[in-house]
Amino acid sequence: MISIQAEDFDPAVEYAALRDSGAGTGAIAIFSGLVRESGDMKGVTGLYLEHYPGMTEQVIGELIDEASNRWDVRKARVIHRVGRLGLQDQIVFVGICSAHRGDAFAACQYIMDALKTSAPFWKKELTESGEHWVEQKASDVARSKNWE
Amino acid sequence: MTKENITVRFFARLREELDTEELTIPAKPGQTTGDLLAALAGRGGPWAQLQGGQPVMIAVNQAMAKPSTPVHGGDEVAFFPPVTGG
Chain Y
1494 MISIQAEDFD PAVEYAALRD SGAGTGAIAI FSGLVRESGD MKGVTGLYLE
1544 HYPGMTEQVI GELIDEASNR WDVRKARVIH RVGRLGLQDQ IVFVGICSAH
1594 RGDAFAACQY IMDALKTSAP FWKKELTESG EHWVEQKASD VARSKNWE
Chain S
2 MTKENITVRF FARLREELDT EELTIPAKPG QTTGDLLAAL AGRGGPWAQL
52 QGGQPVMIAV NQAMAKPSTP VHGGDEVAFF PPVTGG
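So the protein sequences, as listed, match chains Y and S.
Heads up, the final residue of the first sequence is numbered 1641 in our numbering, and it's a clean run with no missing numbers.
Heads up, the final residue of the second sequence is numbered 87 in our numbering, and it's a clean run with no missing numbers.
Derived from the structure by calculation, the hints contain no laboratory data.
Please note that the accuracy of each hint is not assured.
[Claimed, not checked] Selected chain S positions facing chain Y (Cβ under 7 Å, derived; list incomplete):
{"#": "1", "residue": "A13"}
{"#": "2", "residue": "R14"}
{"#": "3", "residue": "P30"}
{"#": "4", "residue": "Q32"}
{"#": "5", "residue": "F80"}
{"#": "6", "residue": "V84"}
{"#": "7", "residue": "G86"}
All residues carry an ideal CB built from backbone N, CA and C; glycine is no exception.
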């Protein structure tokens, strides 16, 4: 299930929902990303996130389908927040249920890496002296290409 | 919107720098997204960056596309900077 939302989320609630994925599940891998202070600019006080409604959900759905083709995925949950976020706020959540930990870890990492270079989200860093759009990082592109 | 027109959308830095969120452009036979970009870049000023500036990503009907992708009346074309979510 995919949610693009301004509101915060509760990892405990998401974990409980992921556990309810039926017999055969033996592993749950969860990743959550937080807004950090040190970005492209110094003195970041928060982020503003924009996305392309409709396309975002389609792209993430395709990433989940691709992960399910490659690994045993019993259930997948992706939450991405948009709008204004403060430091240490939760920005993204990926949770994967699988039979085994290897598949759960791999699918979770694949979706997170691919999301950073293919899902239409853009981050703007907010500082006391101004704001600027975050540029795509070569390291993110390289991580995503590792899965090809 | 009629079938004779293309909707062009801009996101993030491009939306701000062009001061434009959405345009409606008449469709032309045999047109590609690259043709659309070239026509828009020809407006000059901030629009010139659409060609030869920083990378511009393209989507047609909400699927990633290339400069060679054909565009037809009724299509939604989006131009945006490389994505930075997560």
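Can you verify the interface hint for S:V84: is its Cβ closer than 7 Å to any Cβ in chain Y? 5 Å, holds
Restraint outcome when S:A13 is required to lie within 7 Å of chain Y by C-beta distance: Since chain Y brings a Cβ to about 4 Å from S:A13, closer than 7 Å, the hint holds.
Would the stated hint for S:G86 survive a check requiring a Cβ distance to chain Y of less than 7 Å? Constraint on S:G86 satisfied, holds at 3 Å.
So, as I understand it, the hint says S:F80 touches chain Y; can you test that by seeing if any CB pair is closer than 7 Å? Result: violated, 11 Å to nearest chain Y Cβ.
Grab the minimum C-beta distance from S:P30 to chain Y and call the hint holds if it beats 7 Å, violated otherwise. The hint is violated - S:P30 has no Cβ within 7 Å of chain Y, the shortest such distance being about 26 Å.
Supplied contact hint for S:Q32, tested at 7 Å Cβ to chain Y: With a closest approach of 21 Å, the S:Q32 hint is violated.
Hint check, S:R14 versus chain Y [nearest Cβ-Cβ separation less than 7 Å]: At about 4 Å, which falls below the 7 Å cut-off, the nearest Cβ of chain Y leaves the hint on S:R14 intact, so it holds.
Hints 3, 4, 5 from the list above are not met by this structure, while the remaining hints are.
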